[in-house]
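Student: Build out the structure end to end from the sequences listed, making use of the hints.
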Amino acid sequence: MTFAIEVFNLRKNFNQFHLNDVSFTLPTGTIMGFVGENGAGKTTTIKCILNLLKKDSGTIQLFGLDAKDDNLTIKERIGVVFDDIHFPDMLSAQQINKFLQETYQNWDRQYYFDLLTQLKVPIHKPIKELSRGMKMKLSITIALAHHPQLLILDEPTSGLDPIVRDEILDLFLQFMQDENNSILFSSHITSDLEKIADYITFIHEGEILFSENKDVLLYELGIWKGSKEQALDLPSDAKIRTRASAFGVEILVKRNEVSSAFQLDQPTIEDIMLFFVKGVLI
Amino acid sequence: MKALLLKDFFSMKSQIKWVFFIVICVIGMTFFIRDGMILLAITLMFGTIQVTSIFAFDEMSGWDKYANTLPFRKSEIIKSKYILSLLLTVGILLLVCPFVVFSNYVSETFKLNELISIICLVVSLSIVLLSFIIPTFIKFGMQKARIVLFIVVFSFSYGMKFVLDLITVPSLPPIETIQRMSYVSPIFALILLVLSYIISVKFYEAKEF
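Here the protein sequences come in this chain order: A and B. Using the UniProt record's numbering, you'd call the opening residue of the first sequence number 1 and step up by one each time. Using the UniProt record's numbering, you'd call the opening residue of the second sequence number 1 and step up by one each time.
No lab work stands behind these hints, which were simulated from the structure alone. Just so you know, these numbers come straight off a predicted model, no measurement behind them. The beta-carbon is built from N, C-alpha and C at its ideal position, and this holds for glycine as well. Heads up, a few of these hints could be off.
Claimed, not checked - Straight-line alpha carbon distances no greater than 20 Å define the calculated EDC-like cross-link-like pairs of lysine to aspartate or glutamate that follow: (1) K207/B with D237/A; (2) K68/A with E205/B; (3) K13/B with E129/A; (4) K225/A with D237/A; (5) K74/B with E59/B; (6) K74/B with D69/A.
What the hints assert, rightly or not - Stretch by stretch, here's where chain B covers chain A in the computed footprint (C-beta under 8 Å, at least three residues): (7) 45–55; (8) 58–64.
Tutor: Below is the structure:
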């Protein structure tokens with residue numbers, strides 16, 4: 001198996017926050033949802049991967065290349081989307097094309113304009129006159145038009161309506177038709193990740209709590225609801241996290257370690273996140 | 001490099017109308033007050049302001065964060081700002097020099113050699129100014145840099161006055177020597193610009209985005 005991203009024991013210290021031994025791998029050909037509450041360390045991790053922040057220790061490799069030493073080679077092969085478009089707002093899509101065809105060796109002008117037409121993004125309007133949805137569509141088109149092998153997305157769908165989000169998710173799925181392509185997708189909107197992600201990596205207070213196959217999370221875990229007394233009947237090895245609820249307790253359990261006599265609900269990624277952040281270990 | 005220069009020219013394009021408007025006003029004013037040097041000084045200062053505008057546009061859009069995800073070396077990003085500054089200086093010089101010479105021909109204010117030495121000094125001053133402004137913007141960002149530049153200019157002016165009050169100023173060298181020095185002043189200004197570029201790259205490489 002090859003990996004698009006390999007992060008091992010990444011550390012980055014700030015005054016009031018630090019990334020602590022962050023490790024995860026993104027297999028080639030897959031989409032990883034990178035989730036966590038505000039300030040958990042998602043953007044810091046992404047910035048370290050992109051060399052926008054200098055790591056204190058640890059190793060980061062993209063396509064098996066060192067993220068720092070092979071910086072320029074890597075940047076030809078990645079597309080990056082932040083939560084806003086970071087071009088001066090007087091530039092138009094047409095002018096951005098001229099800039100980027102001088103930037104990337106592999107810039108595909110035709111594909112760029114085809115995507116803009118498909119997404120109905122005005123070509124001659126300056127960025128400042130575009131809606132937020134249009135800006136993000138332009139930003140994603142820019143990231144795709146040099147045929148990268150890896151997309152690194154930092155909250156690309158935040159603040160967008162469901163229609164635009166759906167169009168954008170379709171673009172990502174279209175991108176994933178090539179099995180050599182991969183996506184690291186940081187988002188608060190866990191429903192988007194449930195639609196497209198293969199793996200979920202959850203970061204909390206600068207530490208990775210889990211990095212797991214999405215299907216394993218959604219189908220091998222279950223939520224049991226009942227009273228504290230009833231909860232004693234559950235095998236203790238099956239319990240992962242417990243939360244108090246209005247009617248007793250809710251327990252996140254390993255489905256295969258619990259008898260079928262117990263009725264279990266299927267969790268969402270949001271439920272799992274809440275169990276890990278608000279719940280307690282038993 | 002070409003890409004980065006293109007992006008900066010596109011950013012400035014929206015201001016082109018204003019640039020021409022101001023240059024035409026200054027050209028008109030020059031003939032009215034019959035002093036071409038004002039035209040040269042104002043337009044070169046205007047070029048410097050354009051460079052600061054580019055830094056402001058970049059900062060407002062978070063450009064540096066994005067630019068550092070593109071396949072550019074950090075030194076290339078900085079070099080493009082210096083080349084842009086030089087292109088603006090040379091461009092403005094070529095644009096206004098004919099008017100300066102013509103205005104001087106009409107007004108007969110300066111002899112030709114005096115005119116050339118003044119042009120050299122004004123251009124050098126403009127380059128020296130850029131050599132200080134660019135690293136300051138890179139190190140501190142637009143908001144803090146304005147305050148830093150104000151403090152530097154203020155301290156320098158008062159510091160000079162204080163020093164001059166304390167010491168006896170030796171008499172100035174003869175005008176011919178000053179004139180000869182002014183001819184080579186752009187070379188010294190360019191050396192300062194190269195040093196400024198090296199410092200700016202160091203500042204930029206140490207930056208996080």
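Student: If a hint holds in the structure, say so; if it does not, say that too.
Tutor: Okay, the hints, checked on the actual structure:
no. : hint               : verdict
1   : K207/B with D237/A : violated, 48 Å
2   : K68/A with E205/B  : holds, 13 Å
3   : K13/B with E129/A  : holds, 16 Å
4   : K225/A with D237/A : holds, 17 Å
5   : K74/B with E59/B   : holds, 16 Å
6   : K74/B with D69/A   : holds, 13 Å
7   : 45–55              : holds (count 6)
8   : 58–64              : violated (count 0)
Of the numbered hints given earlier, the model fails hints 1, 8; all others are met.
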